[in-house]
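Given next are the chains, with one letter for each unit.
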Amino acid sequence: MGLIKKFPVYAEKIPGGGIATTTLEKVLHYSQACSLWYLLFGTACCAIELMCTGASRYDFDRLGMIFRATPRQSDLILCAGTITKKMGPRLRRLYDQMAEPRYVIAMGGCTINGGPFYYDSYAVEKGIDHIVPVDVYIPGCPPRPESLLEGCLTLQEKIKRQKLLDWQEK
Amino acid sequence: MTQDELKDYVARRYEGRMTLLDTGRVEPMYEVKASQLVEVAKSLRDDENLRFDFFCNLGGVDTREHFEAVYSIASTINRLRLDFKIILPREGAEIESVQDIWPASNWYEREIWELFGINVKNHGNLTRFLLPDDWDQGFPMRKDWDAPDFIRMPEL
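Protein chains in written order, with the numbering used here: chain A, 1 to 170; chain B, 171 to 326.
Because the hints were derived from the structure by calculation, they are not lab data. The structure presented is a predicted model; accordingly, all values stated were derived computationally and were not measured. Note that the Cβ used here is the ideal one computed from N, Cα and C, for glycine as well. The reader is advised that the hints may include incorrect statements.
Unchecked claim - Each computed EDC-like pair below joins lysine to aspartate or glutamate, with the alpha-carbon atoms no more than 20 Å apart:
id: 1; chain 1: B; residue 1: K313; chain 2: A; residue 2: D129
id: 2; chain 1: B; residue 1: K212; chain 2: B; residue 2: E266
id: 3; chain 1: B; residue 1: K212; chain 2: B; residue 2: D270
id: 4; chain 1: A; residue 1: K85; chain 2: B; residue 2: E185
id: 5; chain 1: B; residue 1: K313; chain 2: B; residue 2: E325
id: 6; chain 1: A; residue 1: K86; chain 2: A; residue 2: E25
id: 7; chain 1: A; residue 1: K85; chain 2: B; residue 2: E238
id: 8; chain 1: A; residue 1: K85; chain 2: A; residue 2: D61
id: 9; chain 1: A; residue 1: K160; chain 2: A; residue 2: E150
id: 10; chain 1: A; residue 1: K86; chain 2: B; residue 2: E197
id: 11; chain 1: B; residue 1: K291; chain 2: B; residue 2: D217
id: 12; chain 1: A; residue 1: K86; chain 2: B; residue 2: D270
id: 13; chain 1: A; residue 1: K160; chain 2: A; residue 2: E25
id: 14; chain 1: A; residue 1: K163; chain 2: A; residue 2: D135
id: 15; chain 1: A; residue 1: K86; chain 2: B; residue 2: E284
id: 16; chain 1: A; residue 1: K85; chain 2: B; residue 2: D306
id: 17; chain 1: A; residue 1: K86; chain 2: B; residue 2: D306
id: 18; chain 1: B; residue 1: K313; chain 2: B; residue 2: D270
id: 19; chain 1: B; residue 1: K291; chain 2: B; residue 2: D319
id: 20; chain 1: A; residue 1: K86; chain 2: A; residue 2: D120
id: 21; chain 1: B; residue 1: K177; chain 2: B; residue 2: D253
id: 22; chain 1: A; residue 1: K85; chain 2: B; residue 2: E284
id: 23; chain 1: B; residue 1: K255; chain 2: B; residue 2: D306
id: 24; chain 1: B; residue 1: K291; chain 2: B; residue 2: E264
id: 25; chain 1: A; residue 1: K85; chain 2: B; residue 2: D253
id: 26; chain 1: A; residue 1: K163; chain 2: A; residue 2: D59
id: 27; chain 1: A; residue 1: K86; chain 2: B; residue 2: D303
id: 28; chain 1: A; residue 1: K85; chain 2: B; residue 2: D270
id: 29; chain 1: A; residue 1: K86; chain 2: B; residue 2: E281
id: 30; chain 1: B; residue 1: K313; chain 2: B; residue 2: E284
id: 31; chain 1: B; residue 1: K255; chain 2: B; residue 2: E197
id: 32; chain 1: B; residue 1: K203; chain 2: B; residue 2: E238
id: 33; chain 1: B; residue 1: K291; chain 2: B; residue 2: E197
id: 34; chain 1: B; residue 1: K212; chain 2: B; residue 2: E261
id: 35; chain 1: A; residue 1: K85; chain 2: B; residue 2: E197
What the hints assert, rightly or not - Residues from chain B shown here face chain A by an in silico Cβ test under 7 Å; the list is partial:
id: 36; residue: P310
id: 37; residue: A317
id: 38; residue: D319
id: 39; residue: F320
id: 40; residue: P324
Sequences are here, hints too, so could you generate the full structure?
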């Protein structure tokens, strides 16, 4: 809980009152980073690891990450699995339906560059960054749940670091 | 009818039209000339002793010298299986559609047309099937085809 540790740095207590002041930017981005609802987008075996991470042993919920079945309620696409050339336009369409600010995590080798099996295939897109902008890449085939959690924490750090006006540029 | 009886029967009945190939497999594999495909296929289906009424598969093979179209058919009535292939030149490969005999061949013919570039006469609906609709990068199942976005390993 970074905010509580750094609370004296961020907030300035006014003498005689129970009021703390901080900036809108900090509060907004903190709350945003701690409620990343992700779109279920498992297209291959990485989705099995994603399910495992979502289940009780690794427990995504403690990061405030809850899966959503519609892009309109999601902040994040966790793109888990091979994206074929025919799936590419559909991924783009789901991404376009999400409300801003929106983020993408590329999970596994297939989403990074086509993967260890399909690198010479005619049917597989060689990396989803040809279709949507990617914030965090998680290598592995498939990545272990620890890697996925690490990737999500990295994305949270990235969100907390950003400035309010960055939204317009994304 | 056992496998040996089937071989004997086909050798007698289809002499000169179907040549038995030595593949070492249990099920017999025959070669059929492209010009006689429709006639032989119709005969295989309608023959009272064979009744090949079930179309299992149509696959393409690229051996670098020539193409092959491999048909697998079965008889649900007489419980028989049989494969036959057509050897085609690499330039201008063309087969006749067998949709009138086995309607199930429609999608398979579209598939080998799309992936191997083997033209299918009298098909009626040769449109993109598995590849993206705007595909213009050749025939990916041919041996001499290379993925345009192939990522090569760097020299170490």
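The hints, checked one at a time:
no.	hint	in the structure
1	K313/B with D129/A	29 Å, violated
2	K212/B with E266/B	12 Å, holds
3	K212/B with D270/B	9 Å, holds
4	K85/A with E185/B	47 Å, violated
5	K313/B with E325/B	24 Å, violated
6	K86/A with E25/A	40 Å, violated
7	K85/A with E238/B	28 Å, violated
8	K85/A with D61/A	32 Å, violated
9	K160/A with E150/A	15 Å, holds
10	K86/A with E197/B	37 Å, violated
11	K291/B with D217/B	25 Å, violated
12	K86/A with D270/B	31 Å, violated
13	K160/A with E25/A	9 Å, holds
14	K163/A with D135/A	15 Å, holds
15	K86/A with E284/B	15 Å, holds
16	K85/A with D306/B	13 Å, holds
17	K86/A with D306/B	14 Å, holds
18	K313/B with D270/B	31 Å, violated
19	K291/B with D319/B	32 Å, violated
20	K86/A with D120/A	16 Å, holds
21	K177/B with D253/B	12 Å, holds
22	K85/A with E284/B	16 Å, holds
23	K255/B with D306/B	28 Å, violated
24	K291/B with E264/B	7 Å, holds
25	K85/A with D253/B	33 Å, violated
26	K163/A with D59/A	29 Å, violated
27	K86/A with D303/B	9 Å, holds
28	K85/A with D270/B	33 Å, violated
29	K86/A with E281/B	16 Å, holds
30	K313/B with E284/B	14 Å, holds
31	K255/B with E197/B	13 Å, holds
32	K203/B with E238/B	11 Å, holds
33	K291/B with E197/B	28 Å, violated
34	K212/B with E261/B	27 Å, violated
35	K85/A with E197/B	37 Å, violated
36	P310	4 Å, holds
37	A317	5 Å, holds
38	D319	5 Å, holds
39	F320	5 Å, holds
40	P324	13 Å, violated
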